[in-house]
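Generate coordinates for the entire structure from the input sequences, incorporating the hints supplied.
Number of protein chains: 2
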Amino acid sequence: MIKFINPSIEKPYIQFQSLYQEALANEQKGIEAISVSSYNQEMNEVEARYVNLKYIADNEWIFFSNYNSPKAEQFESHSQVSALIFWSSINTQIRIKARIFKTSVEFSDKHFEGRTKEKNALAISSNQSQTIDSFDEVKKNFHQTLNEMTPDTVRPDFWGGFSFIPYYFEFWQGHKNRLNKRCVFEQRDDEWIERLLQP
Amino acid sequence: MIKFINPSIEKPYIQFQSLYQEALANEQKGIEAISVSSYNQEMNEVEARYVNLKYIADNEWIFFSNYNSPKAEQFESHSQVSALIFWSSINTQIRIKARIFKTSVEFSDKHFEGRTKEKNALAISSNQSQTIDSFDEVKKNFHQTLNEMTPDTVRPDFWGGFSFIPYYFEFWQGHKNRLNKRCVFEQRDDEWIERLLQP
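First to last, the protein sequences are chains A and B.
Each residue of the first sequence is one higher than the one before, starting from 1 at the first, in the numbering used here.
Each residue of the second sequence is one higher than the one before, starting from 1 at the first, in the numbering used here.
Among the hints, erroneous ones may be present.
[As the list claims (entries may be wrong)] Calculated pairs, PhoX-like style, for lysine-lysine (alpha carbon to alpha carbon, straight line, at most 20 Å):
{"#": "1", "chain 1": "A", "residue 1": "K119", "chain 2": "A", "residue 2": "K139"}
{"#": "2", "chain 1": "A", "residue 1": "K29", "chain 2": "B", "residue 2": "K54"}
{"#": "3", "chain 1": "B", "residue 1": "K176", "chain 2": "A", "residue 2": "K140"}
{"#": "4", "chain 1": "A", "residue 1": "K54", "chain 2": "B", "residue 2": "K54"}
{"#": "5", "chain 1": "A", "residue 1": "K3", "chain 2": "A", "residue 2": "K119"}
{"#": "6", "chain 1": "A", "residue 1": "K176", "chain 2": "B", "residue 2": "K176"}
Keep in mind that the hints were calculated from the coordinates and are not lab data.
Laid out in structure tokens, this is it:
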């Protein structure tokens with residue numbers, strides 16, 4: 001589930017929320033799983049991974065990560081990303097282009113406080129995406145951190161939210177014989193320009 | 001469904017096929033829908049979209065597209081792409097980095113011949129991703145092409161397959177408390193180097 005906090009009422013946001021409700025009504029699994037693609041400047045490579053979209057707050061789309069992870073480095077050196085959603089239950093794809101930056105520390109703190117002790121133990125214990133010798137070692141680090149945690153344990157600086165603000169949306173709806181409907185919203189000078197694309 | 005044609009028997013391919021069979025047994029919807037991310041050199045932007053993966057032939061992963069589309073231009077100017085799969089039925093994510101190129105004309109011809117007349121009419125009639133005034137116009141172009149088609153209609157030069165060959169795989173399996181299992185295969189001098197990543 002995605003939490004909406006005073007979401008923007010601009011046209012693509014209204015359309016997104018309407019599709020979200022429709023997918024929810026059709027029992028879409030993993031509705032908050034979205035793919036985020038980034039550019040690795042050093043390697044001249046595109047990389048993509050799924051993240052859990054937790055909030056849409058005004059026009060910020062927020063998920064959480066380790067700030068020392070490869071994707072965090074990529075966001076830092078190339079702040080443009082692509083987000084992609086496919087809800088099979090309503091045969092709808094949503095393509096987004098956006099700028100990404102770190103979420104405010106207050107917001108990250110609050111989210112961390114609301115999570116289970118176990119999830120936070122993992123966030124603290126894991127050097128995300130670094131090589132490790134065995135899965136047993138992952139579990140050992142996790143349990144050690146879990147045992148050391150106290151009610152005073154706060155969010156570590158190396159973990160928190162990323163917010164992206166879209167400047168481009170495509171709403172794609174699949175139809176028979178590939179007669180797919182494609183509607184684009186592109187931001188130009190604070191206005192959303194709408195147009196249709198050929199399938 | 002993905003068609004396997006003498007698929008590679010290298011280790012990540014074996015693992016992929018085993019997960020594919022598991023997802024299939026768990027009635028995974030849209031099992032052939034994969035996201036392909038590319039780099040738009042001109043705009044310095046990452047873009048992503050879903051495609052239908054049709055074949056894995058030896059080590060070529062093949063889908064079909066319009067060769068004049070924006071993504072085709074992007075593949076031409078930056079042949080490195082990222083492919084991403086998420087099968088919710090088995091809580092498994094597969095991250096791939098690959099090089100992409102046009103599939104052989106013979107393979108594209110054969111695939112085109114095996115498709116329905118309607119799908120081919122759409123492939124011929126649509127200037128993929130170009131702006132159009134209305135959806136009625138899309139339908140008009142489609143029906144006009146459909147009526148003009150004869151049994152001799154062949155694949156147009158501007159439509160065909162793209163093949164990508166992976167050089168990097170990550171198999172990610174979700175577990176409780178985010179204790180996810182992550183296994184990477186990276187190609188070095190024709191060998192696949194295997195290692196584990198922290199969650």
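Quick rundown of the hints versus the structure:
no., hint, result
1, A:K119 to A:K139, "13 Å, holds"
2, A:K29 to B:K54, "24 Å, violated"
3, B:K176 to A:K140, "15 Å, holds"
4, A:K54 to B:K54, "33 Å, violated"
5, A:K3 to A:K119, "18 Å, holds"
6, A:K176 to B:K176, "39 Å, violated"
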